[in-house]
Structures are given as C-alpha cells and as structure tokens.
Amino acid sequence: MVEITIRKRPRTEAVITQRKFFKKTARGKVIKVLRERYLRDDVGCGIDGCSLCHDLREFTLPSDGSALANFPNGHFILPDTNVFLAQMDLMESGLFNPPMILLQTVLEEVRHRSLPLYNRLRALIRAEEKQIWVFYNEYRSETAVIREEGESPNDRNDRGIRMATAWYNAHLSLSRPSVRGQPSRPLPTVVLLSDDVANRQEAEKEGLACMSVRRYVEALEESSRLFDLLSTPGSDDLEPTRTAAARQALYPDYLPMSALLAGIKLGQLHQGHFNANQFNYLEGNVPVTAFDKPILLIGRENMNRAVQGDIVAVEVFDEKEWKAPGDEVVEQETTLRNDDADASEEESGDEEALAERKVLQAEQVRREASVRLPTGRVVGIIKRNWRSYVCHIDSTSLTSSNATSLSQQTVFATPVSRLLPRIRIRTRQAPALLGQKILVTIDRWDSTSRYPEGHFVRALGKVESKEAEQESLLLEFDIPYRPFGKAILDCLPPEGDNWVVPPKTAENPVWRDRVDLRDLLICSIDPPGCQDIDDALHARTLSNGNIEAGVHIADVSHFVHPGNPMDKEAAARGTTVYLVDKRIDMLPALLGTNLCSLRPHVERLAFSVIWELTQDADIVNVRFSKSVIASKSAFTYEEAQLRKDDPKLDDNLTKSIRLLNSLAQKLRNKRMEAGALNLASPEVKIQLDSSESSDPIDVEQKELRETNSLVEEFMLLANISVARKIEEAFPQTAVLRRHLPPPHSNFEKLHDIMQKRRGLTLDVSSSGALANSLDKCVDPNEPAFNTLVRIMATRCMLSAEYFCSGSVARDTFGHYGLASPIYTHFTSPIRRYADVLVHRQLSAAIGYSTLHATLHSKSHVEQVLGIVNRRHRMAQMAGRASIEFYVGLALKSRGQGGATTEEAFVIRTFRNGLAVYVSKLGLEGLVTFKRETQFDPDSYTITIQSASAEANTTIAVFDKVVVEIEVEKDKNTQRGRVKMTLKSPIDSSTL
Amino acid sequence: MSSRVEILNDGGYRSDGRRQYELRDISIDTSQQGSADGCCTLRHGLTEVLVTIFGPREAKMRSQTLHDRAVINVEVNVLPFSTGERRRRARADRRILELAATIKSTFEPVVQTALYPRSQVDIYVQVLQQDGGLLHACVNATTLALICAGIPMTDFVCAVSGGVHSTEPLLDLTMLEENDLPHMTVAVMPRTGKVTLVALETRLHVDRFAEIFKLAGEAGQALHKEMKRAVRNRTSRLVDAMETSMKQPVGGERDVVMEDRMDF
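Read top to bottom, the protein sequences are chains A and B.
The opening position of the first sequence corresponds to residue 1 in the numbering used here, with each subsequent residue numbered one higher.
The opening position of the second sequence corresponds to residue 1001 in the numbering used here, with each subsequent residue numbered one higher.
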C-alpha cells in the first residue's frame, strides 16, 4: 500500500512556486504558460551518513568525498553545464571518477542543448564505477531559483548552480555540528567545476571554491593521461543559448525550372542522375554526357539537398577549382552523432556544421596532390526520385524512450542504404518503433533544414526477423511482391492443375502447326530444387553424320496473351526475383511451376530451336517451331555430371548428354577464340538448414561443373540464333540485348594498380585482348588472385541491357562480354518478361501467329524494355542483398561469439581504412583505423606507423590480409552490420 | 520545447516536483455566490472550477419533468481564458456536452432525487482555469456544491485522475502529463467504496488499468478527508454564525434540523 498524500503549495509564495513563461507556437501565436512547482525539504544530498537527510536511505557519495592536494579534507565536485557539453569524453573516462554532484539544473540544460549528449550523460549516471549523485536542486526549497527580471536563462542557471554549491557547503557544516569538548572535524568542500570565466568570478565573489576543468585535471594523479581527453578550449560560443535565432538558410535556393532547362539547353548546366558516395556521405557525383568523368560534388552545400537517384542540374566550377575525390571514409553516424533531431527548431546545430567543415578542410589539404575531376554544385532538381525508404529509428534522437509515451517527438530515421541522408520524422510512437524496420517517405527538404523531412508510413517488423528483412529488401529495391489479383488469376486456364496437352487431332487448335517431338530423348538440367524448368535439351546423330541438337523452351506465350491482365502484370514485374529463401514470381505459380515448367514424364508445349550441326559444331541450318515435348528426365547439374562421367552407363539418354557436352565444349572454344570474356562475380551459396526453417548453416562458394557450361553454351547458341531471326523479321522493333564495350577510362585505375602493384598490364583494346590479358594475371601462390582481378574487371564494365533494334545504331548491337554481334534473351520466358516478347516475335517471324500491334510500335517496346531493364537491375541487387543478409546470419551462427577469421584481399585503400574482399564468403567489407596512417594514393599503399620505423607495416592493394569478421549491431539503429578488423599483418583493433 | 520535459525523471520526481503518489494542492472555497443555493470554487493545482447549484426547484420545462424524481441538469461553460491559448468554445461543443453528460450520470445515482418529484436540480459548472484533471475537479466541486446546497446525497463523490508512465502509475495529472500519458478518471464513493465513474479516453494496458483503478480509488479516500474537513469548517462557521444570531433573536427557528442530519 503506497502512501497517498496531498502536497501543499503556499499560495502566498506564488512567485516562487509558480513558473510563468511565454511560448511562441509554430504558427507564431504567443501563449502564456503557467506551471506549478512544488518545493520540498526531502530532496536528499546523497552523502553517506548525512545526519539531516538520514531518513532518506539512498546515497552514492562517500561521507568525506575524496582527498586531493588542494583539498586535504576531501572534496566533491559539482560541474557546470559547459563541462558536460564540452568535456564529455573526460567525464566518460574510466580514470576520472571523483565523487560528483550533478545538479538537476545542469542535467536539464544538457538535455535541452543536446539529446545525444544527454543520453551519454544518463548512461554515465548509471555506470557502476562513477560516483554521481543527482541532486534535484530545483525542487528543494532552499536551492530553487526563479529567473529575475532581465536575467537570461543562462545566468539564471548559473546562479542556481552557485546557490546549490553554497547550499551544499552549508549543509555539510550543519549536518556535522561540532560536539562540545571535541575538536571539530574538518569538513569536505564542494568544488564548483566550470569553464565559464564569468561564472567562476561570481562564485569567487560569493566565496565558493571553484576551478576550471583544466586546473582540476592538473591536480589529479592521472592528469597526464586525462589531458588528452580535454577538448580544446576557446569555444566560448558554446555558452550563450541560441534562442529563437532566425533560421538561416543552410542551402542555396534552387533556380527556377525555366532557367534550369534553358541552362541545360545552352550547355551551361548539365543534367544527370545524382549518385551519393557510399564511403563518404559528404561527397557525391553526377555522370553527365559532356565529360567522360562524372562531375564531383563535395560538401553538403554543393550537393544541395539532392538525394540518391534524383535527376539534377549541375553547374561546373572553373577548372582551377576542380578537386580530387576524397580518399577517406566519412561516416555520417560518427561525424554527426551529436546532432539533434529537434535542433532546427531551437538552434541551428552549428557544432555539427563545424565538425563537417573540419572533415572537409582536413581532406582539402590532401586532395591537392592527386588527380582533379570536374567539380560542381547542384543548382536545381529536374526530377525527384523519392520513394519510401526502409529505415531504423535512431535511438539517441529520442526525447523519451518511455514505451507508453504518446507525445509527439522529432526523431531521426536512418535509412538502411548508406547512400541516403538521415530523415527527420515526427511521430507519436517513436518508442514503440525502436528496434523495428520502418518505412519512411521523404516529404520535403527545405533550404533551412539540414535534413530532409519525412513521415512514417508503416512498420515492417522487428529488426533481423526474417520477414521484416525480406520485406524491407523487396521494398528497398522496389520489387512488386503482392499476391496476384483475381483478374490475373482469371487469365489462367480454367482447368488449373489438371490441364494437359489435348490429344493430337487434326482439328485441335493447340496442335495447329506444332511439331510432335514427344518421342525425342529430351531432358532438362537445372540447379537442385528448381521448379520452374524453362529449358530442355536433346541431341542425336543424324544419318548424314551431322548432329541434330535441340533446345526446347517452355511455351509461355501460349498461355500469356498480349494485353490481358496477366501480361500487364508480368510486364510490370519484369522478372522473377530470387532471394535466398523466397522467390517472387513474375507469372502465377500455376504457370511457372506446373503448366509451363518442362517437367519430366508429362507432355508440355514448347518452343523449339533445332540445329543441324557438323561434328565441329558449325551450324548447317536452324529450325524454329512450336512443339509438344515430353521430357524424359530432369537432372540436376550434379546428376547430369555423374551420369556423363559414369563409364558403365551407356543408354541413349546418357549418350545424348555426352554428345551435347562435346558440342558445348567446341562451341565454348569457338566463343573464346572470338574473344568472349570469362568474367567472374562473387558467387556464393547459402546452405539452409531445411526448407522449412531456413536458418542458414553455412556459406560456400558455388561450384561450377561441366554441365553448367553445357547448358549455358546451348542457351547462348539459341539466344543468338533467335536474335538473328527476329532482327531479320522485325528490323525496327526486335527485342535484343546488348553489352556496350566499356570506355577505356573505366579501366585506367585498375590498370594503374595492376601495373604498380604487380607489374601486370591489362590490354583493354578489345574484349579478346582483355580476355587474354586477364588469363595472364595469375599469381602462382594465390589461385584466388585471378578471380579477384576478374571481379574487379567486371566492376569496370557497363551492364548489359535490353533494347529495341530500331532505336539504336546497328553497329552498337554487339554483346561485348559474349563477343557476339547480336544477342537476345529467349530461353527463360517463365522468369523474364523480355523472353516472352521475344517468343511472340519469333512466333510471328515463323508465321505461327500474327504479331500483336503493340510489338510493332517502337515506342511501346522501348517503354516496356525500360521497365524490364530497371526491374532486372533491381532484382540482381535484391538477390545480392539477400545473400549478404544471410551471410551475416550464417557468420553469426558460425563462430564463437559471432567472430570468424578469414583471408581477404585488399581492393582499395583509403586514408583511414581499407576495403577488403573475402573471396570465401563473397563479402566485401571495410576496415577503418582511428589513428592516422601514411597514405600514398599514387602507389595505393598505406603505412601504419608504430614505435620504431622498422616495425612500420605497409599494406597495398592486392595484398592478402587476415581479417576478423563479426556481425555487430549498430547501437543506434539496431542495424546488424558486418564489422571487419584486421588481424594480420597487424592487429587493427587497437588502431 | 514541451517535448523536452521529462514526465518522471530518474529521481522519481515529476515535472512539477511532486512524486508519483502525491496529489496537487487542493483549495476549497464554499462561500456564497449570488443567489445560488450552493456553490463551491475548487482548485486542484492550477485547475480551477466554480460550481453553482440551483434547486431543487420547479422544473422550467414541463416536458422534461419526471413525476417520481427530480431531474439533474448540468451545464458546463469553459471560459475562453481558461487555457493558455485563448479560445472561445461554443456551448454545443461536443467535448463540453460530453463533460456535462458525464457529470450528470455520475451524480444521478448519488443524489436522492426521489425526494423531490417533479423538480429540477441545476448544476452550473464554470471552468476558470485548466491544467489537467478537469473532469475530476468538476466532480469534486459539484459534490461540495451539492452538499452546500443541502441536497441529500447518499455519499460524497471523490474523483481523481491517474495515468501510467511506462509502468509507473501517477496520480492527479497535470495538462502536460495528460497530453503525454494514457490516463483515466475514477470517482468513488468513499463510505461505500462504490465507483460511480470511470472515464478512460486513451489506450491503456489492461494490467495497468487494474492497478491505476485501485490506486485512484485509494486516492479518493485521501481527497475525501480534505473535502470533509472543508464541509465541517463551513458547517461549524454556519453554526457559529447562527449561535451569535440566536443570542439576539431576530428570526425564529431556521433549518437547523438539516445541519443536524449532516453528521459525519
């Protein structure tokens, strides 16, 4: 049973027991606010054995304080607000723990000035080793102060602090009255600690003991070690409260749209997509047509509120102002960790701006030396590309983490993507959203606001729960994942699962113009667990000695008719997306995994490409026809490989696999001779526990077998043959795929690194030359080196794209990577929409059906392919991100304490860190050093200095290092992230 | 700025220096106001309401009279200067009508209306200042005003608001706290322990509900003492006044009988 009492507040002393102030609302109205204040006598002083506060059990301070040279009788320190605002690092130090009295006035002032600092201070109060007592001086009747006429809030607080100091000293003497006949015990002193000179002067006038932080630290035993923690003095501007300072514009205003368009037309301005730099949030670039190198944007003002993906107009500076890109990792979280979400309402947060400027200036000095790039600034936004972003709430920006709080708070949402700025949102449910993935939309970004403002859309679920991560991936990459609607499902054959190929009769429309290939020995080879089998193969020797080989592709266009809802949905989805534990289908599952899927032992409709090849795999002729097939078996790559290699087996199916394999090898050799590239990309496979639980067990690298290449070669052949056919039939609107040769400048850097570090050269004059020089990049000691170079070379290339044959010049049709003059996608219509279009065009080309009107329209084809290209890119990124997430999970479950040690290659050096690539996990990570290193951008090395010059360690690009990988949870955002620390050649955890 | 105020700080103090279970300063003034039959100005902290009672008297509207009991009519008027932001509220404001209806239904079972058939008791509530706990201030003031008017009731009605901050219950919330916390108002009849009003407009966890409900009931008992003392003071002053007037007999017997009945 708690005691319920009614507190009395003497009305006669209303001046002191009531607080009156005026408040200006957001609308500009002035409101008078009256608040009560109940003053009490039972606020404890927190000193052990105090006779006056004895009824209060709690205390944290020792009865005699701690001894110090200046105060032999013991002392307590009572710090002023500025101590916490400026010297938080000192306060947090484990070496600094004198008994400390923390006033409520100070606590509230810190809270008011900077929430992140306040949260650090609160953690400090709770810390075991610190002796801190919070004295609620504003509620104690003797120490409560009221602001006097003409007194600034700051002066009032200072006066309150001095009053409390005086009270404490008086309280100490009162609580230890001298007993008659005994010598009076010496009293400990309460020392006011302040860096504010005015406050100290006042205190001295009042006869209080006071000291500056520096002088206090000098007197301590561990002073030498604590001195480093002192922040530089002289920042007096911390002191005055910036109340109601006019909100100044932080960013230049945009030019009007008409001026932008005119400027672009005249060539004074340049238009392009804004790309943020993922290593340095203060830098971005805009690739434009006028320069071969993208235009560099340095600093917040020059990026001028552009967000990743926006189409912006850029003005380029004079050439003498051009700069080199930064070589340092700058993370938003660390630089701006003390920034306040509420800040722009009260103060402009200049400290953060200063911190940023410092970072930029420090970089400036180093920039001069290296290569300069066109540099400019954003003068306007042509088109915003804002969407919903998956974010986390930044816990330090919360004013109240109380779970039942209904108050509206302004908090930061940190997007999962490193390319985006923090978003400021106002929400009433901030505490409930902590530790959740949430969806946030940006609403606007005013020139007076450092951060964009947005609003909460919905919560996706707990961080690191698979559902939330999966959904956030899909949202982040803008992948449509809703279940198929009724209108779409209505387009499916009414028979559903029971649909079969109708019996062969002359008048059945399904059999019209279809070849009956049911007797052929056709089989499919796919990865294990594959349900949407869209290709099958056969080969047999003909009587004339030539070989007949056939590729049979699921006849999706038989089921998906142009313009119906299912077709429209498939066009919008563009592609099936494969995540580690989920597949998001482009077509309803009934088609994808059953009716179209070329499953073994059932009759299926197919679109066949049948070649007659010579023994040397030269094409004699090629036929395209709609067909009906019955696959004899569905192999996995492994099964097919075993069957082929098993000398005991000699049935016809095995023979045909062997035949196919021998042809594939010849085809491959031909392709390589023609100059096709063998590129590598990090491919890893996640092993899941079981299909139900989907807990990752381990990560392993994908194994490539001969049969993989078998299937690949025939698919390439089919695609090339089809591409020729449809281009011939529809020169204006054929759906093709191309891979543009990369500009030589893309390889410059890699070439330079290779030459300097390994003495190797890279010939990029043609794809064949590149392939040859890549083959020579071998390090006998490190077999993985070649793969690494291939991966890095791949990154220098452009990505392949679909295009409409009538929209680009004929000489740009080529596929660089495959070294083929023409190419398309025909072989996976179940999972790619472009293939469906190609099927339709091929079907029209062979006279099986007429071409739908939309496929005659260049603009329509272009528009559809634009979407498909984008979806394709997004799907790839989502797949990669999904693997990354599971690699993280697997790492977590693998090692003890979540840490594993792996070998890695350095792929990039920064002034304060390294980017490394762990080939075994296909994982790229960043190792950062806190300490300065010697960075040589020209030779791509960094040297980590140690005590003696001989012990210096130099690390260069391509060096093999050992890193410790652990998944740590970001304290603020609850975002799990891979953290790497260097173990060898040097341990970086101390750096 | 208001978001920067801590509702309950680590030291267990609320923003105005009270602890969790401390009620605000209460002051009761039952002096006569004009021609009203009973009135009371009650202050809970900075919330101030004035309640005047007229009746029981003949019902004004025939159509609304009940032949077996009196009708209770409550009218609430929130004065425009009662909040920081000056705002004139229409009489038909939904919030105000709801407040009036709540007061009415709170007192209907307590006032012995059956003693006054075909009559009407008017309760006029003037809200002079608001700082949270408006409903409970209205209920408490009405109780006292009804007593002053000599209208028979079965018991006092003592109301207190309670809220919960995280898991910590708080009593007698200020406006600042009300805006931030889920809260409820409970009116109890201290003698019988019955509850005549529970008002909950925010979402509150069911476990916390029971806790606050019980606590508010107990706080009602504490308030009851304070209210009883105020009634006693008033009565003794009345009695004193009558004794002095008896010494110089002017009027004859007055309704002393009635005061006798009010034995606490």
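The reader is advised that the hints may include incorrect statements.
Lysine-lysine pairs mimicking DSS-like chemistry, simulated, CA-CA at most 30 Å apart [as the list claims (entries may be wrong)]:
id, chain 1, residue 1, chain 2, residue 2
1, B, K1214, B, K1060
2, A, K8, B, K1225
3, A, K749, A, K920
4, B, K1225, B, K1194
5, A, K8, A, K32
6, B, K1228, A, K8
7, A, K293, A, K320
8, B, K1228, B, K1104
9, A, K776, A, K666
10, B, K1194, A, K8
11, A, K8, B, K1214
12, A, K749, A, K293
Since the hints were made in silico from the structure, they are not lab data.
*Which hint numbers does the structure go against, in order from smallest to largest?*
1
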